Amino acid sequence: MKTLNTTLLLGTLALALSTGAVADRDHGWKKGHHSVERTVYGKVIRVTPMYREVRVVEPVSECWREPVREVREIRYERRNTAGNTLAGAIIGGVIGHQIGRGRGKKVATAVGTIIGAQLGHDAAGTGGARATRSVHTRVEEVCETTERVRYEEEIDGYRVTYRYQGEKYTVRMPYDPGKRIRLRVRVEPVF
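In terms of my numbering, the sequence shown opens at residue 1 and continues consecutively.
Please note that a few of the clues may not be correct.
Said to hold, decoys possible - Pairwise CB distance ranges (calculated):
hint, residue 1, residue 2, range
1, R148, T39, 46 to 56 angstroms
2, R184, T161, 16 to 26 angstroms
3, R180, V56, 34 to 44 angstroms
4, E73, E152, 24 to 34 angstroms
Calculated from the structure, these hints are not laboratory results.
What you are looking at is a predicted structure, and each value in this text was computed from that prediction instead of being measured.
In this text, a Cβ means the ideal position worked out from N, Cα and C, and glycines have one as well.
When you get a sec, could you build the whole thing from the sequences and use the hints?
If you want it as structure tokens, here you go:
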């Protein structure tokens, strides 16, 4: 009988240890000091994108063609001083000859020739310089850069509604989880 009791005791002890070992298996559970964690999945019911408004500034270059006036001053100088001096002397001599009488006619012709030559020379020199202006119009391309501001909507996250063990939950996520959502379940005794 003693052997039977010992056998029963050892069998019971082996059974208790084996059920304890089975109960101690983690089956995906992580053991903490007083809690157990496990990763499970919930079924996603609805995903709603959440938007925010973003200000976008972009440089825009605008170009157009614009007329530009250029004024140029051109100086011309008469260089034919000998011809002008000779012409002035002839004209002055003829005028002096017409004015003078008698013996004074020769003196008047000589004085008229000298004065006419001087006037002709002056007209050909600095007194004969001319300046003209020329105006040219050319077309030039002008560009200006300005900033164009516009507003865009961009996704700022997702409002995800899911079901786990018959209950509905809603959470905000930075991405769309798809058809199911990973959950961390923690079982912890209450003291």
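Status of the hints after comparison with the structure:
no.: 1; hint: R148 / T39: 46 to 56 angstroms; result: 49 angstroms, holds
no.: 2; hint: R184 / T161: 16 to 26 angstroms; result: 18 angstroms, holds
no.: 3; hint: R180 / V56: 34 to 44 angstroms; result: 36 angstroms, holds
no.: 4; hint: E73 / E152: 24 to 34 angstroms; result: 57 angstroms, violated
Checked against the numbered hints given earlier, this structure breaks only hint 4.
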